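Enquirer: Please arrange chain P on chain Z, whose structure you already have, making use of the hints.
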Amino acid sequence: AQSVTQLGSHVSVSEGALVLLRCNYSSSVPPYLFWYVQYPNQGLQLLLKYTTGATLVKGINGFEAEFKKSETSFHLTKPSAHMSDAAEYFCAVSDREGTYKYIFGTGTRLKVLA
Amino acid sequence: DAGVIQSPRHEVTEMGQEVTLRCKPISGHDYLFWYRQTMMRGLELLIYFNNNVPIDDSGMPEDRFSAKMPNASFSTLKIQPSEPRDSAVYFCASRPASTDTQYFGPGTRLTVL
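As you go down the protein sequences, you meet chains Z and P in turn. Its first residue numbered 4, the first sequence is counted upward by one per residue in this note's numbering. Its first residue numbered 2, the second sequence is counted upward by one per residue in this note's numbering.
The following block holds chain Z by itself, in its conformation from the complex (with noise of 0.2 Å):
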């Protein structure tokens, strides 16, 4: 069975640092992996997506994500923290044959310190 885990529940960044969001998976073939954001009182947006391809992801808002098979790893990076970026993100794997459900990690809220 395919599970998520996000490694800190909460992490705490000053304004410009680096952002490190961890997440591994478990499953018995690579999965398709995801990285939604949530911000407050608002639904999940997709952030970024990996499926095939280059391992390196970029998504929206300047974060992108590497693709680790050995590690089974799919860390969620931003050179700089913003502000803006504070909000909760959910790493999420889905099988790559039929129907696609979501199995989503337990989230990292993300504060970003001035």
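The set of hints was computed from the structure by calculation and includes no laboratory data. Just so you know, these numbers come straight off a predicted model, no measurement behind them. Note that the Cβ used here is the ideal one computed from N, Cα and C, for glycine as well. Accuracy of the hints is not assured; some may be wrong.
What the hints assert, rightly or not - Derived lysine-lysine pairs resembling DSS-like cross-links, with alpha carbons at most 30 Å apart: (1) Z:LYS104 / P:LYS25; (2) Z:LYS114 / Z:LYS52; (3) P:LYS25 / Z:LYS52; (4) Z:LYS61 / Z:LYS71; (5) Z:LYS61 / Z:LYS104; (6) P:LYS79 / Z:LYS104; (7) Z:LYS104 / P:LYS69.
To be verified - Far from chain Z, by Cβ distances over 10 Å, these chain P residues were calculated: (8) ALA3; (9) GLN18; (10) LYS25; (11) SER28; (12) GLY29; (13) GLY43; (14) ARG65; (15) PHE66; (16) LYS69; (17) LYS79; (18) SER88; (19) GLY106; (20) VAL113.
As the list claims (entries may be wrong) - Reference excerpt, derived from the structure (chain Z facing chain P, CB under 10 Å, subset only): (21) TYR35; (22) ASN44; (23) SER97; (24) PHE107.
Expert: Relative to chain Z, chain P alone:
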């Protein structure tokens, strides 16, 4: 496109009452998903539809929960009778057959007193 539309945005009700949450997916999307978000359990998939047909309802917590999709542009999630532990944010999402990306609505925050 207006995106996925959910109503109401907030619902406060008393234990034992019937609650109906509504969702209008993005036009042309073949799949519709209902999720529940709580602090304790995070985001859980309750049920999803393909072309208006329920495909997997294994996430529906109990018989008090039911979902319907009478046509391609409307779905409901009903809780009868409601209980305080049903308090959560309920999200609807849709996606077309041609992509793996789901598009989420703004959610309905349900409070059962």
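Enquirer: Against this structure, judge whether each hint is valid.
Expert: For each hint, the structure was consulted:
1. Z:LYS104 / P:LYS25: Roughly 19 Å between the alpha carbons, so the hint for Z:LYS104 and P:LYS25 holds.
2. Z:LYS114 / Z:LYS52: 23 Å, holds
3. P:LYS25 / Z:LYS52: Within the cut-off at roughly 25 Å; holds.
4. Z:LYS61 / Z:LYS71: Holds, at roughly 15 Å.
5. Z:LYS61 / Z:LYS104: 23 Å, holds
6. P:LYS79 / Z:LYS104: Holds, at roughly 22 Å.
7. Z:LYS104 / P:LYS69: Given pair Z:LYS104, P:LYS69 holds - Cα atoms ~18 Å apart, limit 30 Å.
8. ALA3: Given a closest Cβ separation of 13 Å, the condition holds.
9. GLN18: Since the minimum Cβ distance to chain Z is about 24 Å, P:GLN18 lies beyond 10 Å and the statement holds.
10. LYS25: Holds: least Cβ distance 13 Å, greater than 10 Å.
11. SER28: P:SER28 clear of chain Z: closest Cβ-Cβ about 18 Å, beyond 10 Å.
12. GLY29: Non-interface label on P:GLY29 holds, nearest chain Z Cβ at 17 Å vs cutoff 10 Å.
13. GLY43: 5 Å, violated
14. ARG65: It holds; P:ARG65 is separated from chain Z by about 23 Å at its closest Cβ, greater than 10 Å.
15. PHE66: The claim stands: P:PHE66 keeps its Cβ more than 10 Å from every Cβ of chain Z (closest is about 18 Å).
16. LYS69: Its Cβ never comes within 10 Å of chain Z, the nearest being 20 Å, so this holds.
17. LYS79: Fine: 21 Å to the nearest Cβ keeps P:LYS79 off the interface.
18. SER88: At roughly 16 Å from the nearest Cβ of chain Z, P:SER88 sits farther out than 10 Å, so the non-interface label holds.
19. GLY106: Check fails; 5 Å does not lie beyond 10 Å.
20. VAL113: Given a closest Cβ separation of 19 Å, the condition holds.
21. TYR35: Holds, because the Cβ-Cβ distance from Z:TYR35 to chain P comes to roughly 5 Å (cut-off 10 Å).
22. ASN44: 8 Å, holds
23. SER97: Cβ of Z:SER97 sits 6 Å from chain P, so the hint holds.
24. PHE107: 4 Å, holds
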